[in-house]
Amino acid sequence: MITQKICMLGSFSVGKTSLVRRFVERIFFDKYHTTIGVKVDKKTVPVNNTPVELALWDIYGEDDYQKVKMMYLRGMHGYLLVVDGTRRQTLDVALALNDKVTQTIRDVPFVLLLNKCDLADQWEIEPDTDKTYAAKGWQVLRTSAKTGENVDEAFSQLSLAMLAKMNSTSSPGESRST
Amino acid sequence: MAEQAQRRAPQGQSQQDPPNENDNHAFEELRHLIIAPEQEELADIRERLDDAGRRTQDMSSVVAEAIQLRREQGDDRALSDALAPTIEETLRDSVRKHPHVLADALFPVMGPAIRKSITETLRSMLESFNEALEHSLSWRGIKWRIEAIRTGRSFTEIALLHSLVYRVEQVFLIHRETGLVLNHLTAPSVAAQDPTMVAGLLTAIQQYAQDGFKTQRDETLDNLGWGEFKMWVEIGPHAVIAAVFRGHAPEDYRVHMREVLEGIEQHYAAAFDNFKGDTDPFRGAEERLTPLLEERAREAVEPGKRKPRMLITVSAIILALIVGWGVYLSYRVHQWTQFEQALRQQSGIVVTSVVKEGGRYHVRGFRDPLAPDPKALLTKLGLTPENADFQLAPFYSMDDGILQRRIKVLLKPPPGVTLSMKDGVLVAEGAASPRWIAGLRDRATWVAGVRELDDSKLQDANALALKDAKSSVESIVFLFPFGAATLEPGQDQKVALAQKNIREIVAQAVALNENVQIEVVGHTDNTGVEATNLPLSKQRADHITKALILAGVKPSSFRPRGVGTTRPLRTDDTDEGRQLNRSVTFQVDISPVAP
Chain A
1 MITQKICMLG SFSVGKTSLV RRFVERIFFD KYHTTIGVKV DKKTVPVNNT PVELALWDIY
61 GEDDYQKVKM MYLRGMHGYL LVVDGTRRQT LDVALALNDK VTQTIRDVPF VLLLNKCDLA
121 DQWEIEPDTD KTYAAKGWQV LRTSAKTGEN VDEAFSQLSL AMLAKMNSTS SPGESRST
Chain B
1 MAEQAQRRAP QGQSQQDPPN ENDNHAFEEL RHLIIAPEQE ELADIRERLD DAGRRTQDMS
61 SVVAEAIQLR REQGDDRALS DALAPTIEET LRDSVRKHPH VLADALFPVM GPAIRKSITE
121 TLRSMLESFN EALEHSLSWR GIKWRIEAIR TGRSFTEIAL LHSLVYRVEQ VFLIHRETGL
181 VLNHLTAPSV AAQDPTMVAG LLTAIQQYAQ DGFKTQRDET LDNLGWGEFK MWVEIGPHAV
241 IAAVFRGHAP EDYRVHMREV LEGIEQHYAA AFDNFKGDTD PFRGAEERLT PLLEERAREA
301 VEPGKRKPRM LITVSAIILA LIVGWGVYLS YRVHQWTQFE QALRQQSGIV VTSVVKEGGR
361 YHVRGFRDPL APDPKALLTK LGLTPENADF QLAPFYSMDD GILQRRIKVL LKPPPGVTLS
421 MKDGVLVAEG AASPRWIAGL RDRATWVAGV RELDDSKLQD ANALALKDAK SSVESIVFLF
481 PFGAATLEPG QDQKVALAQK NIREIVAQAV ALNENVQIEV VGHTDNTGVE ATNLPLSKQR
541 ADHITKALIL AGVKPSSFRP RGVGTTRPLR TDDTDEGRQL NRSVTFQVDI SPVAP
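Read top to bottom, the protein sequences are chains A and B. Okay, so the first sequence: first residue is 1 according to this note's numbering, each after it adds one. Okay, so the second sequence: first residue is 1 according to this note's numbering, each after it adds one.
Pulled out of the complex, with its shape left as it was, chain B reads as follows (with noise of 0.2 Å):
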């Protein structure tokens, strides 16, 4: 380029310009060529770094290598605070936004990390409820929560004051002068920490608290503490017993080992004496101190022992609720079998289907009005009627037991007629009403599943009535005594009886629009003549028929009239022949009313 602008220089120099001008010219011309190229990249780069545009395209290229090499340079928390405002506005913006694609990224790590608390929490309460159970199933439990309503206590302080739960891990028997072990026991699977430096530790702390604090030599540490042990120390003139402990020991305790500690002492009192150093007369103490231990340990309650039978109980308790839950469902299920049953044999109700859904049963199919109710079928057999729904259209039933109840519903047959119904027809049998009958006859046909009726052995009750009157008058016989015209005593209900009758007689007559006339026949024996005799019947004749007419009966339906001995009632061979032919009787016509 230099090289050009060499060339090109003389050249206009030469030809065109002043020598100033041109000079001017040249140079500018030089200064252009020269700077030109830089000037145009300076220019280039002035744009890009105005235009956004380009700007951010050139950082797009680099912004993921940057981030990278920033992360590299080290443990510099500037970058994730930098740009945690924006990722967390990014993923707030993104949850309103679009919650599903957030959803759907997480989609595989949430439903771990949901099973995983739901175990925890299960877990957690699971050992709350085995907790529970412990206290609260018992008796033991149940006496401690009346005890802690009665004193107005907590549960659990009642709890733990009922608990003394503990277990004597050691027990130590120390030479109280030397701090020495004499004999020392530590309960199965309990690791002991050496017991001469226990022993020696105590016996110091022992002799500092009594230096310290200037007490008596009778007024001793007695217990100590720490973590979830516990010491106690029953201190002898000779040796001291120290048993290590977690829990709550009774009071009683203590008193067990003052016990043991006074034998010892007592035992081995010459041993105490002449204690240079040697143990070995002391080994038999171990018999001794064994109860301490063992004894205590039994009725330690141990955690590990107690929980698989709290585990069982619970197990026994839950596999009693499902067995007990499943008998129970298996028994509805019995039960709804036996009602659906029961329901298809039902007269007048059609089931077409049985459906159960959402823990209902949808009944469908007709119900005549006249069938029972489906519901209280239901509740008949223990079920709920809530949990079942009838969607039962109305029809009629031709099913005999609910065309019987229709029938009875729609004629309402009185008392003595009975109706049946038998390929159709409608039997009636009995005596009714004309009124009723005439009502069956014109409406039997008209309910539904009745196709015909047979009143052929249904009687017009009035006239059934007229002809039972007339039988019971026409059987009456009034007696008299031989040649007179008055009754026989003792026959006052025999004419009560007749007026009753001629009354319902003439009653029904007029309902039925009959004529009624009553021969009333007078009878007498054969003893004498006829002459004297057909006026004795007619006087004996006349003599009922004032009778009645007097009683109220109308005096036009009477005929009194004498046969004598022409009509005898029996033959006269005989007193009682002879007695009956001394006698009245009814003789009743009955004719239809002239029109």
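The following block holds chain A by itself, in its conformation from the complex (with noise of 0.2 Å):
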């Protein structure tokens, strides 16, 4: 069975749990709840018919990007960079969050989610946000926790990145000295 750690990044109230359990449960809840330190779920999903069970660590959100903790992203595969559209500013704490995460683990694949396409209307981030990034080759999704909205994308997207980093030969998830 192959195993992969995703972690779950991005600003305070982003969504973050929402997508979870969007994906692993089925569900979502209006009410919002704080995620203290780390919730781990698993689900497993077939990738180019292979099973493959995704260890899903719900890392609790910062507005100081400073403050994220690292040592919960160690020995990651890979992980879902969450911004909220209807806050501009939890667009540049994921950009800040994602450049600390670079600097530190090499290689990680990652999945920007622009998340709360259901409020598009409401949105403060530019509108042409995910193809700026997807020009820089990045992988963009428009998700909604609410409707369900690329929520399966999104991580079959990652899934897979992960995947095709495994069989090259390069090992996942190297640390650098912190």
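Hints are supplied without guarantee of correctness; some may be wrong.
What the hints assert, rightly or not - Only pairs whose alpha carbons sit at most 25 Å apart, straight line, appear in this in silico DSS-like list of lysine-lysine:
hint : chain 1 : residue 1 : chain 2 : residue 2
1    : A       : Lys43     : B       : Lys276
2    : A       : Lys42     : A       : Lys146
3    : B       : Lys230    : A       : Lys42
4    : A       : Lys131    : A       : Lys42
5    : A       : Lys165    : B       : Lys554
6    : B       : Lys494    : B       : Lys554
7    : B       : Lys554    : A       : Lys69
8    : A       : Lys42     : B       : Lys276
9    : A       : Lys69     : A       : Lys42
10   : A       : Lys165    : A       : Lys131
11   : A       : Lys100    : B       : Lys408
12   : B       : Lys422    : B       : Lys408
13   : A       : Lys69     : A       : Lys43
14   : B       : Lys412    : B       : Lys422
15   : A       : Lys100    : A       : Lys69
16   : B       : Lys457    : B       : Lys467
17   : B       : Lys467    : B       : Lys554
18   : B       : Lys412    : B       : Lys380
Please keep in mind that the hints were generated in silico from the structure rather than gathered at the bench.
Bring the two chains, given one by one in their own frames, into a single complex with the hints.
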């Protein structure tokens, strides 16, 4: 069995936990719950006809990216970088966080999720943000935990990337000295 | 009524009263007619209100409905609060004055309640008993108790120290870096949590602890506890082994975990280096991890398995006690039966009834004073005299054994006398003093059970002694040499014997009031002539007489006499015959003293 560790990264209240619940349990709660520390969940999905068990590390969100504990990211095979489209600031935090991660851990697949697309009319981020970052070679998806839009697609894309990475020669999650 | 008033008023005014008075009167009458009924009703109402008896009567008809209505109105405790003190007081009075009324009323519910309470108590007691047995009756329990006394610690503490009973329910092999589960084992019948989530959380906690407390990489969280579960964690360079267990695992289990982890680290070193998320290469680690589960699980003591053994042990002990008690009781019954049989066969005791009441045997009947004490018989058979009550009236038994004893006790036969009973006749045999014989003749028939005395075989002991002494003396032969009147040497003993017997004869004769004459007869053989033999024989008789007188025998009793060859003891044909004829013999004559 292939097992992969995925971390959910992003600012406070961007919908990381909701995305995981939507993906794992197929449900969505409007009521907001703050994640304290880490919540680990799992789901087995077929990737290229191979069952892959995803260990989903839902890490508490921090508006100050400096405070995010990098220790939880050790050994991760991929991550979802979640942005709340209705709050511009969350994009900045996500970008800063991504910089920090890439400095620490090399070459780990990730997908940028512009979440809460069901509230597109309230978005503060630029409408072409997805295109902007896609142009940089990033995988970007507009998602909604509430409607389920692109949720499975997000995990699927990340899984494919992780598996492709795994099959390459380099070792995943190679840590640098922090 | 108004019409009637109208009709009466004109009539009154016109005939009797002056106009003003008439008006007043009419008005009063009219007033009376109008309000009288209401006044009567008011008076009646006032009377009802003032009259406590009527008020009570009125209330009694609606009080039940009023309470019912109040109760139906909702959850109002006011009614209960108001009634409670009265009801409590009433119950208290009722119990004090007529306890049986409440007891009778409660009887149907008290039985089941008491039974339930007793059942619960017994169940609880049995469980406690089981627990106590488990720790107290085993050799291990005794050792712990001794250790507790020796060290001054409580028994519970010692038991806990030694009872490191545990069961490892899950073993995780976790990739240290990623927190992913590489392998996972679960004990049979254990509802396991999802290993991926548990391993992830454990790793997160590890990482949080390391980061939060700024510890070194080798300073790790090595145990966790929640409820009855504990988790021990051993961390290697690449892998982590976590064991979840219940109870108290010994410290050497951690050593075992460490050894297994080291083995896995060594064996799967390459797999760890190349680990990208594929857990298949670690499938074989199950073989190494299984002993952590299996081996420890075997040592673990499962309560479910232990209880039946305890139950069997306790049941066996109880059964053994019951059987033992039964055997003991039947042995006691057997003992008692034996005793009863022996008592019924005992001479001098007549048993009329044996009743067992209140755990004691009550024996009734008769007992001769000379019969043995039944309590002594009880003790001899190993029974407790306190468990028996004897009510035996005294009586004279005619049993031979008791009769013999009674005769002996009452008649005190001297040695040499035998007393026996035959068909109510007391047969006395042997020799006794005349005094005792006289006493026997007087008292024999006084003894209960002796009808007649047969003393025909009973002899006077004195007469018998005199006769014996006479025979003895008359058998003595003093021998003399040829032609001499002095004794052959070596016959001193004969002289002494003769002296003794003659004294006895004299003494008995005095006692029997008899005269004694002892003729000392001298003999010779036929050698020579009679003219010399006769004097020689007389000299021989004199010689013996003198010797006896010298020894202190009364001289008047002797009559020395020589008979020469006229009364030979043997024929003189042989030397032996002639020797015997050269002798002196005695002839004792006993005759009653002349009155």
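Status of each hint after checking the structure:
{"no.": "1", "hint": "Lys43(A) with Lys276(B)", "in the structure": "18 Å, holds"}
{"no.": "2", "hint": "Lys42(A) with Lys146(A)", "in the structure": "20 Å, holds"}
{"no.": "3", "hint": "Lys230(B) with Lys42(A)", "in the structure": "24 Å, holds"}
{"no.": "4", "hint": "Lys131(A) with Lys42(A)", "in the structure": "31 Å, violated"}
{"no.": "5", "hint": "Lys165(A) with Lys554(B)", "in the structure": "160 Å, violated"}
{"no.": "6", "hint": "Lys494(B) with Lys554(B)", "in the structure": "18 Å, holds"}
{"no.": "7", "hint": "Lys554(B) with Lys69(A)", "in the structure": "151 Å, violated"}
{"no.": "8", "hint": "Lys42(A) with Lys276(B)", "in the structure": "17 Å, holds"}
{"no.": "9", "hint": "Lys69(A) with Lys42(A)", "in the structure": "21 Å, holds"}
{"no.": "10", "hint": "Lys165(A) with Lys131(A)", "in the structure": "24 Å, holds"}
{"no.": "11", "hint": "Lys100(A) with Lys408(B)", "in the structure": "130 Å, violated"}
{"no.": "12", "hint": "Lys422(B) with Lys408(B)", "in the structure": "15 Å, holds"}
{"no.": "13", "hint": "Lys69(A) with Lys43(A)", "in the structure": "24 Å, holds"}
{"no.": "14", "hint": "Lys412(B) with Lys422(B)", "in the structure": "19 Å, holds"}
{"no.": "15", "hint": "Lys100(A) with Lys69(A)", "in the structure": "11 Å, holds"}
{"no.": "16", "hint": "Lys457(B) with Lys467(B)", "in the structure": "17 Å, holds"}
{"no.": "17", "hint": "Lys467(B) with Lys554(B)", "in the structure": "19 Å, holds"}
{"no.": "18", "hint": "Lys412(B) with Lys380(B)", "in the structure": "30 Å, violated"}
Of the numbered hints stated above, those contradicted by the structure are hints 4, 5, 7, 11 and 18, listed in ascending order.
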